[in-house]
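Put the two chains together into one complex, using the hints given.
Chains as they are written, first to last, in the working numbering: chain A, 1 to 414; chain B, 415 to 693.
Rather than coming from a laboratory, the hints here were simulated on the basis of the structure.
Computed from a prediction, not measured in an experiment: that's the story for all the values here.
Treat the hints with care, as some may be off.
Chain A side only, calculated, beta carbon under 7 Å to chain B, not exhaustive [said to hold, decoys possible]:
| id | residue |
| --- | --- |
| 1 | S4 |
| 2 | T7 |
| 3 | T11 |
| 4 | L13 |
| 5 | R18 |
| 6 | A22 |
| 7 | H23 |
| 8 | V307 |
| 9 | A310 |
| 10 | I311 |
| 11 | G312 |
| 12 | T314 |
| 13 | P407 |
All C-beta atoms in this analysis are idealised placements derived from N, C-alpha and C, irrespective of residue type, glycine included.
Listed here are the chains, written in short residue letters.
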Amino acid sequence: MNQSTSTVINTILTVALRNLLAHRRRTFLTIGAIAVGLASLIFLWGFNEGLHRNMLGNFQDAIIGSIQIHHQGFFQHPELSKAIANPQKVVAALRQADVSRYSMRLESFGLAASDITTQGVMLIGMDPLREGEVTQLGKRIGIGRFLAPEDEYTIILGATTANNLQVKLGDEVVIIGYDRFGAMLAESFTLIGIITSGEMGLDKGMAITTLATLQQMVDMPDRVTTVVIGSDESRVPALTAELEAALQGERLEVMPWYAMFPVMKEWVSLHNGFLYLFLGVVLFIVLAGELNTLLISMLERTREFGVLMAIGTTGYQIAAILLVEAVVIGIVGIVSGILLGYVIVLFTGKYGIDLSILLGSTSRFYVDPLIHPHLKLDHLGITSGVILVASIFAGLYPAWRASKLQPVEAIRNG
Amino acid sequence: MGNNQDSSIIDLRNLHKCYWVGTMPFPALHGLNLEIAAGEFAVVAGRSGSGKSTLLNIVGALESADSGSVEVLGQDILGMNSDQRTQFRLRNIGFVFQAYNLVRVFTARENVAYVCQLQGKSRKESMEIANHWLHEVEIGHLGYRRPDQLSGGQQQRVAVARALASNPKLILADEPTANLDSTTGRRLIRLMHELNHRFGTTFLISSHDPDVKQAAGRLIKLADGQIVDSWDEVPEPPQSLSSSCPSSHLPLGERVRNYIKLKRQSRGGKRRGGNQRRS
Numbered sequence: 001m002n003q004s005t006s007t008v009i010n011t012i013l014t015v016a017l018r019n020l021l022a023h024r025r026r027t028f029l030t031i032g033a034i035a036v037g038l039a040s041l042i043f044l045w046g047f048n049e050g051l052h053r054n055m056l057g058n059f060q061d062a063i064i065g066s067i068q069i070h071h072q073g074f075f076q077h078p079e080l081s082k083a084i085a086n087p088q089k090v091v092a093a094l095r096q097a098d099v100s101r102y103s104m105r106l107e108s109f110g111l112a113a114s115d116i117t118t119q120g121v122m123l124i125g126m127d128p129l130r131e132g133e134v135t136q137l138g139k140r141i142g143i144g145r146f147l148a149p150e151d152e153y154t155i156i157l158g159a160t161t162a163n164n165l166q167v168k169l170g171d172e173v174v175i176i177g178y179d180r181f182g183a184m185l186a187e188s189f190t191l192i193g194i195i196t197s198g199e200m201g202l203d204k205g206m207a208i209t210t211l212a213t214l215q216q217m218v219d220m221p222d223r224v225t226t227v228v229i230g231s232d233e234s235r236v237p238a239l240t241a242e243l244e245a246a247l248q249g250e251r252l253e254v255m256p257w258y259a260m261f262p263v264m265k266e267w268v269s270l271h272n273g274f275l276y277l278f279l280g281v282v283l284f285i286v287l288a289g290e291l292n293t294l295l296i297s298m299l300e301r302t303r304e305f306g307v308l309m310a311i312g313t314t315g316y317q318i319a320a321i322l323l324v325e326a327v328v329i330g331i332v333g334i335v336s337g338i339l340l341g342y343v344i345v346l347f348t349g350k351y352g353i354d355l356s357i358l359l360g361s362t363s364r365f366y367v368d369p370l371i372h373p374h375l376k377l378d379h380l381g382i383t384s385g386v387i388l389v390a391s392i393f394a395g396l397y398p399a400w401r402a403s404k405l406q407p408v409e410a411i412r413n414g
Numbered sequence: 415m416g417n418n419q420d421s422s423i424i425d426l427r428n429l430h431k432c433y434w435v436g437t438m439p440f441p442a443l444h445g446l447n448l449e450i451a452a453g454e455f456a457v458v459a460g461r462s463g464s465g466k467s468t469l470l471n472i473v474g475a476l477e478s479a480d481s482g483s484v485e486v487l488g489q490d491i492l493g494m495n496s497d498q499r500t501q502f503r504l505r506n507i508g509f510v511f512q513a514y515n516l517v518r519v520f521t522a523r524e525n526v527a528y529v530c531q532l533q534g535k536s537r538k539e540s541m542e543i544a545n546h547w548l549h550e551v552e553i554g555h556l557g558y559r560r561p562d563q564l565s566g567g568q569q570q571r572v573a574v575a576r577a578l579a580s581n582p583k584l585i586l587a588d589e590p591t592a593n594l595d596s597t598t599g600r601r602l603i604r605l606m607h608e609l610n611h612r613f614g615t616t617f618l619i620s621s622h623d624p625d626v627k628q629a630a631g632r633l634i635k636l637a638d639g640q641i642v643d644s645w646d647e648v649p650e651p652p653q654s655l656s657s658s659c660p661s662s663h664l665p666l667g668e669r670v671r672n673y674i675k676l677k678r679q680s681r682g683g684k685r686r687g688g689n690q691r692r693s
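The following block holds chain B by itself, in its conformation from the complex (with noise of 0.2 Å):
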């Protein structure tokens, strides 16, 4: 376990998010709490639709939440514009994709090096940082290789690199092995967890797969947008829709589209008793 773990560095307080497709609500997180101290290297476990990658989205900063409260290293994200969310991102927080998602026109170094010069630091201190940290992650020698030249193992290293370059306090590493052989994607792992050990950032990692959960500081076991204590037990459902997703929260188009159909009906509802009346 990480080296510092009084303090909070995640702490979520009745977190709602709906997601609509049309006009059919898809309850995705129903009033979820979580703590995450600092330092801890925690795995959010669940099946597919659980919940998992949208915890990840909100808590990166990447995606709003419908209701709640978010806290991330004491700043209230949801209160947070745009912009102030992308600086967020960039000082305090890495990330690891499932599909590694390096830039293709840079070498793995570029890539690494790609945040420090992003935070202002010069190319020159960049590329020291991207080295240090591509040999931490036990791939110093293919820094010049293109994401094309690299295996997917060696990708998600890069990544890994990518994540700590910026020194977060915090990296999101969402599914990091789904697309990895188990030898590999063990390695990572223990590459990871080494880190954490020694580097005391904190992880928050989203993961079905067995040997992440295994390697878990915590685990956090996700389903349908709750925390449950085991795999048995069955999350108390939403008393309704309405109640975790309201149709306030409707995308605006898909308001105005409701209303246009409402008021056909109710027009073509008229009409035919007009003729009714005729005939």
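With the rest of the complex left out, here is chain A (with noise of 0.2 Å):
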């Protein structure tokens, strides 16, 4: 860039800034709109992404663990015959992958009984150890206590399903099952722990007992039909990917939990779609404010263009005033509403917010009532992105107008 085009640049920079400075209201009430409506969407995500880390940070530590691995096909068609042929296998693969968060179950279907009635129920067998690394299950127990590496026969039931069976913590209730070749088996267990969670899949349909209980009773020593891998959220799709891999022409089937319950991350995606949409009012809002400011100062000062004309401003250079004008006012109301927007996530994220007057039973949705907004990278640079885009599109209306006019007409008429 040669000293005149600089000489020129800075002119045009001067121009503007000191126009802006000129109309110091109307700027800043411009800059405030466009950092209040960001600040907003920074929140809004905030809470949102807390929302969701909560929501599904809850449904993992439930019950499913971050990711399952299992025989190929068990998780659609659950049979102690899809058992893990090797265990020590996917074990090796996991300290291979540094993962220590994982637990072995056996899984199967029976018939609970009680001396009034039976209800359908998915076994489980946990090892009680290690589960508490993986998934939250004995902060769910309402009733009575969680496994005990020493139980043999113990089990748990879902509130509903205790409910139903009429049973009580100590009372008898007898399983009903099929071993691998599909011969029945009966056993007694005591009730020694209800979940009451309020969540509909866990206090419902659900017998857990130790793993060692359950091996024994079907027969089955040292035989696991999952294995429930903890692991933080970022890290899931990788960790699959490296498991897979490292599993492969092993039969298994390595699932994340949005792979074994899509409808979670589709409720997720879902609800940003919602957020997008609200991001699109925002803009709108965002466009037409700073338009509106532009329009007018363009309009306030057609005979002021008109003499710069005259006098040898050409209507590109008049049209950059303008457009620096749109740009300095986003750029500023851009800063402005990411540090608003970024103190409310951090005052909110450190202390909650309590929805619990709200709302009624979150539990069901596996939601806390009390939501610690974050803040996703992402979700910042496209919001700020965005709205970066739109300021300047609101100032080429006023930039092309003022570039059309006639000096003449400009200072008779302005």
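As structure tokens, then:
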């Protein structure tokens, strides 16, 4: 860039900035509108993200974990004949992938029977020590206690199941099941805990005992059907791919939570979709507000622009003045909005937003009533970028109109 | 009178300009011929509506003529596109407007320096030039003030300094004293006259102010878009409006509207005729 070009650019910048400062109130109101709009969006994204993290975290913590490994086809058709052939290979792959949070389970179906009635249940044999590292099922036991390693033929039922069977702690519950060959089995268990989570999937149709007890009952010592893995949400896709690669040829399925329960991921996408709609509305407001400001500013200065054109300013330079004003308003508004939004998310993220007054049983949807907003950088980047583009767009029309002014008309009628 | 009056700086031949309000034509200039030599201090005088401002706007490449030829500094203005005209104005012409028209957000010095910066001079050099010209117009001490902190006369001096700062060969001043009291107006004209003498810059001023006319090195009398020798002379009216305002110069939008109107009228006539036959 030669000196004369940089001088002209500096001059255009000076005119634009001076004009913004000359109309401080109008400028700051427009900047304020952008900042508040962006801060609201940032807060909403943060709240949304906090809600999703909370919900998905609880969902995974409840019982399914982040990733599960089964024999191929087990998830669709769970049968004991589809046990994992070589669990030690899975453990070796997990160690290689630096995964320490995992647990083994044996899963089947059966009938739970009391003196009064029977109820279909999913039978789960869990390792009481390792399970706590992957899920938080123990925390959802409202009555009684969780399994202990030394337990034998003890059982935990969901509250709805226990209620249907009309059993209480210490009562005998008979579990009728099948072994891997389809032969019927029946064993008596003592009820030691009742899950009172409020979550539909946990409170109904679940009977949990120790892994060793179930292995003994179905005569499958050391066999498991499921390996449940706990992982940070951000690592789940990569870890899934890594484990799939490590266990290739073993006839195993490596399923992240969203492959097992896609509806949860779709719900999150839908929720994000609503926010994108809201982003569109805010964008429209920002665009209309800034367009209005710049158009008024342009109309007010029609005579001035006419004079500037008469004394040698080109239409492009006039357009550049208005575009610089639009960009400056946009950038200052965005920086202020990011700061304001970040502070709000930081504060509410630290102390949480208690929705217990507004919502009834949020636990039904795996949501704690205390939401901690959390900001994701990609949401921040997309929102800020889109608002910056909208600000520039808002400047295009007034800039184009100003560049097309005829000096004489502008001076006469401005 | 200036130092160099040998060469012609403005040469206008058979100039026609017409304004349209809807389909109504208003002839502003009608076959005007004018030559101004370099260094002249010429004043165009005439009543309101006589075509003074139109003449200055055309010479200043701010407006087009309908027909005729316009040569300023040897260049054909009418053949230039918008950008070429802007550059021509920036390099060759200084403007002084009736209403001063300074940039409100700039100080007096910045207003004057603006054109120099547009010409590509550095900010420092532009400011030095601005200081020089503000001193020349005797308000060097007011350079830091913004237009709203200056009187009308002071603002017009800033405007004169701005017009001179780009080192133009021609300064066009449209009613420069119209917004000033008579004492301030006289002072301004004296100043412009002096600058014309000292620097040889050509001044073409439009005015109906008697003081300005009195100071004129050459008085150009304009009446109904034509130059007259004396105010008693009644200019020859155009033989018909179509000679000075041919309909081919009607703005395109108006021509389209006229066409649609005529079409509708003819359709309406046919329809009425049909009804009559039926009845």
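A quick look at each hint next to the structure:
1. Among the interface hints, the one on A:S4 holds; its C-beta lies about 3 Å from the nearest C-beta in chain B, closer than the 7 Å criterion.
2. The interface hint given for A:T7 holds, since its Cβ lies 5 Å from the closest Cβ of chain B, which is under the 7 Å cut-off.
3. With its C-beta approaching chain B no nearer than about 4 Å, A:T11 sits inside the 7 Å limit, and its interface hint holds.
4. At about 11 Å, the closest approach between the beta carbon of A:L13 and any beta carbon in chain B exceeds 7 Å, and the interface hint on this residue is violated.
5. With a least beta-carbon distance of about 4 Å to chain B, the hint placing A:R18 at the interface is held under the 7 Å criterion.
6. The closest approach between the C-beta of A:A22 and any C-beta of chain B is roughly 5 Å, which is under the 7 Å cut-off, so the hint is satisfied.
7. The closest approach between the C-beta of A:H23 and any C-beta of chain B is roughly 9 Å, which is over the 7 Å cut-off, so the hint fails.
8. Hint status for A:V307: holds, given a least beta-carbon distance of 4 Å to chain B, under 7 Å.
9. Residue-level restraint check for A:A310 holds (minimum Cβ-Cβ distance to chain B is 5 Å; threshold 7 Å).
10. Against a cut-off of 7 Å between C-beta atoms, the interface hint on A:I311 holds, since the closest Cβ of chain B lies about 6 Å away.
11. With 7 Å as the threshold, the beta carbon of A:G312 comes within range of chain B, its nearest partner Cβ sitting at about 3 Å, so the hint holds.
12. Given hint, A:T314 at the interface with chain B, holds; its Cβ is 5 Å from that chain's nearest Cβ, closer than 7 Å.
13. Taking 7 Å as the C-beta cut-off, the interface hint given for A:P407 holds, the closest approach to chain B being about 5 Å.
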